[in-house]
Amino acid sequence: MKTNFIPVDYDYFDFNGKNYAKIIGRDSSGKRVCVIDSCPVFLWAILEQGFPAEKIKKLVQEIGKIQLDLKGRQTKVEKVEVLDKNFLGQKVKALKIYATNYKDLHDIADRLALPGIEKRRGYDLGYTTHYIMEKKMIPLTWYEIEGEMLHNSNEFGGIDSSLDVDFCIKVKSFKPIEGGGNVGGNLVPLNFKPKVLVYDIECDEIKLGEGEILMISLVSDNFKKVLTWKKSDSAPDFVECLKDEAEMLEKFIEYVKKISPDFLVGYYSDGFDLPYIKARAELHKVKLALGLDGSQPRLTTGFDSSAKIKGITHIDLLRFIRTAFSQYMESETLSLDEVSREFLGDQKKKFEFRHSSKIKDHSEWNSYFEYCLHDSVLTLKLFEKFWQDLKEFSKITREPPYTLSRNGMSSNVEAFIVNNLERFNEIPEKRATYDEIAERRKLRAYEGAFVLEPVPGLYEDIAMFDFTSSYGSTIVTYNLSKSTLLESPEKNAYHIEVDGKEVYFSKKQGFFPEIFKEMIEKRKKYKQELKAKPDNVKKARSNSYKLLANAAYGYQGFFGARYYCREAAAATAAFARKTIIEVIEKINKSDYKVIYSDTDSIAFSRKGKTELEVLSLLKKLNSELPGIMELELEDFFTRGLWVTTRAGTIGAKKKYAMISKDDKIRIRGFETVRRDWCQLARRVQDYVLRQILKDGNEKKALEYVKEIIQKVKKREIQKNEIVIRTQLKKPISEYKAISPHVIAAKKMEERKIPVTMGSLIEYYIAEVQKGKKTKLVREKVKLLDEKGEYNIEYYLDRQIIPAVENIFQVFGIDIKQIISGKKQQTLGEF
DNA sequence: GTGCGTGCCCTACC
DNA sequence: ACCGGTAGGGCACGCAC
0 MKTNFIPVDY DYFDFNGKNY AKIIGRDSSG KRVCVIDSCP VFLWAILEQG FPAEKIKKLV
60 QEIGKIQLDL KGRQTKVEKV EVLDKNFLGQ KVKALKIYAT NYKDLHDIAD RLALPGIEKR
120 RGYDLGYTTH YIMEKKMIPL TWYEIEGEML HNSNEFGGID SSLDVDFCIK VKSFKPIEGG
180 GNVGGNLVPL NFKPKVLVYD IECDEIKLGE GEILMISLVS DNFKKVLTWK KSDSAPDFVE
240 CLKDEAEMLE KFIEYVKKIS PDFLVGYYSD GFDLPYIKAR AELHKVKLAL GLDGSQPRLT
300 TGFDSSAKIK GITHIDLLRF IRTAFSQYME SETLSLDEVS REFLGDQKKK FEFRHSSKIK
360 DHSEWNSYFE YCLHDSVLTL KLFEKFWQDL KEFSKITREP PYTLSRNGMS SNVEAFIVNN
420 LERFNEIPEK RATYDEIAER RKLRAYEGAF VLEPVPGLYE DIAMFDFTSS YGSTIVTYNL
480 SKSTLLESPE KNAYHIEVDG KEVYFSKKQG FFPEIFKEMI EKRKKYKQEL KAKPDNVKKA
540 RSNSYKLLAN AAYGYQGFFG ARYYCREAAA ATAAFARKTI IEVIEKINKS DYKVIYSDTD
600 SIAFSRKGKT ELEVLSLLKK LNSELPGIME LELEDFFTRG LWVTTRAGTI GAKKKYAMIS
660 KDDKIRIRGF ETVRRDWCQL ARRVQDYVLR QILKDGNEKK ALEYVKEIIQ KVKKREIQKN
720 EIVIRTQLKK PISEYKAISP HVIAAKKMEE RKIPVTMGSL IEYYIAEVQK GKKTKLVREK
780 VKLLDEKGEY NIEYYLDRQI IPAVENIFQV FGIDIKQIIS GKKQQTLGEF
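Under numbering that gives the first Met the number 0, residues 0 to 829 are what the first sequence spells out, in order.
Please keep in mind that the hints were generated in silico from the structure rather than gathered at the bench. The C-beta atom is built at its ideal place from N, Cα and C for all residues, glycine as well. Among the hints, a few may not be true.
[What the hints assert, rightly or not] Pair by pair, the computed Cβ-Cβ distance ranges are: (1) Ser622 - Lys532: 21 to 31 angstroms; (2) Lys652 - Glu438: 24 to 34 angstroms; (3) Phe352 - Lys174: 52 to 62 angstroms; (4) Arg340 - Arg673: 12 to 22 angstroms; (5) Lys532 - Glu715: 48 to 58 angstroms; (6) Pro39 - Asn181: 25 to 35 angstroms; (7) Ile55 - Lys652: 53 to 63 angstroms.
[Stated by the list, open to error] Here are the computed lysine-lysine pairs in the DSS-like style, where the Cα-Cα straight-line distance is at most 25 angstroms: (8) Lys174 - Lys135; (9) Lys194 - Lys223; (10) Lys54 - Lys64.
Turn these sequences into a full structure, and let the hints guide you.
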């Protein structure tokens, strides 16, 4: 039989000692399909150079005899081939050693410590990755599958009857049909609209499993439910009331089974909702049979706990947003509330939490139900917002959505590389061992980006250039990678000084730079197409390539990477520094004045020059840049402000504010954008910066600051404006320095408010009793609900004045003197 | 006792 | 441990005077 099929969730199983891929997806009519396939299982043994042919023959025979009987499994070497391959760009002879079971490859590799074998590779990819590499069944891509339907057959131990799918098919062959699929004899474009079910729980205790789950909300297309066992007489229709917590859990399982989603989605559900549900289910002896095969979710614990459900892709949306989007977001935390505000213009429902034993009132319960339901509604909307990105990213890297959505960027880069190796006939490099990682981490940091020290001042008519994919283009231009690094100097090679030593890279294109060259080209192509005719798919594609290209540099410097190469990472930074410094000099020589530069951007004064002249300068600079290096115009700005550091006279780096010619304000590094300053100081500074950029002088801004200071002195400031928020980056006990936020965290712990690594600690600085000696800020720390009055001196001297004083200093105004009422030196006013 | 350099810590920039 | 280095700046600590 034939069917259309789109793979979503990848798994595998053993049958009679062999591995089989078990892939769950849909056909074009929306039926749930399980596809069973297999692929050859093998690892590589790279031979020593010049290992004689007759010895190879003997080695092959010897290896062919390897048999293992481990873990109740019999595995043997099935076949050995001698092949010409590449490893790190070098031509090698390698043995392709086929074995019975993927799980035994490690043990077989251990038996290959034989003369003539230099390296063993390809046994540490995991079966799913191995399968996708071999058979190229790319996630979320349409295929036409030909195979044998399993009808209550005994094949594979009766797998088809144990799986809750519409049908199960054993693959003979398949081919991609991205252009469209055969439906009733016609070629039609195939769409995949995944079935998504979102869930969210509410409980009294935050600690996993320690309280009762009061309710579970479930939201899907045209489906909204809150399951609870708390009685509420006038509950809205969406509330379904069960007898007790156990029955509620049973009902939850029932609905998941009934709806049978492709994606079961939560927000922080890896770390909270699913582990909590599992703990409560265990307590009540409810079998949490959510998997399509009736299995329970598999939880991995630890720092990055994750929760896998067989056949249903469980997505913790928080994790995908964190890796793929957080660096481009405005939100200061990744809370559902804040992220929803940024992407949906919606927010969580207001609800004042109390312990459920104190909630008697029906309307309060109903608000609670509404609150819980809305969390799932928001999460569903967010999933829909990010679905195209998840899909395109998954297709491009060939990493299944379950893994992709949890990976850090380096893992996704690595998946992309590994899945592209075959085109280069490359044997995959192994994962670093624990010891290797430890060694790499000990190495001291290499020199990074160039940052130009600005001269403080208010500038007018500014242009800004930046390099497109600066580091990515540098890697490509100078062929920087592990496989192109030369052990000894060569004449015709790229070279640059790193740590006082010259490093050399071959000019013969390596696979790593080649892969990134294609990536940058595709990114460019999709960006142009997107600009010409925008749609979500192009946007997602363009964004995926952008993320990957930007991560290439970090990847090579990341100690856990298969293709880690400190020299390449250091050389990338060095070449990028050299390039930008040369461009800065050229701009200065062309009768412009460079004001500031950081890594890949250059801001300069274009006073007396037209925009057209600037563009022709850009063209000239580009014509002189090496390789694929390219500068583009970021924007024209009417004004820009640079200040000194707090310490005094030198210009502060990474701190500036500009207003573009179409009045868009860009503020970088200032306290305004730092979440560890109180709202009041941030708001005042933001106003001051904006006013100065708009007016070109400080007069209105100064008046405003004076007003605010009066308000502070009169205690007219609201409490929410003086809260200081700082994240706890490690367990409280590990802090050597006891700073204010650590004190606040300790106070919270005393009150049994859960504080863990990553918690955002909120506190304010209060007045202390008269006569009490207090030097340290931490002695004045109070939690928000602690009674007390804010410390006027602290908020003036340590928050507001520091936030604005070096801005006014640019105009020759000493704000401290003005405030204290002493002699005024307002040079700027004359 | 005060002042200042230093290290820890957090969060920004790119 | 889950991409890199560069940088500003608050706070506590400890030494010098």
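Structure-based check of all given hints:
no. : hint                                : verdict
1   : Ser622 - Lys532: 21 to 31 angstroms : holds (30 angstroms)
2   : Lys652 - Glu438: 24 to 34 angstroms : holds (33 angstroms)
3   : Phe352 - Lys174: 52 to 62 angstroms : holds (55 angstroms)
4   : Arg340 - Arg673: 12 to 22 angstroms : holds (19 angstroms)
5   : Lys532 - Glu715: 48 to 58 angstroms : holds (54 angstroms)
6   : Pro39 - Asn181: 25 to 35 angstroms  : holds (29 angstroms)
7   : Ile55 - Lys652: 53 to 63 angstroms  : holds (59 angstroms)
8   : Lys174 - Lys135                     : holds (10 angstroms)
9   : Lys194 - Lys223                     : holds (14 angstroms)
10  : Lys54 - Lys64                       : holds (16 angstroms)
In summary, this structure violates none of the numbered hints.
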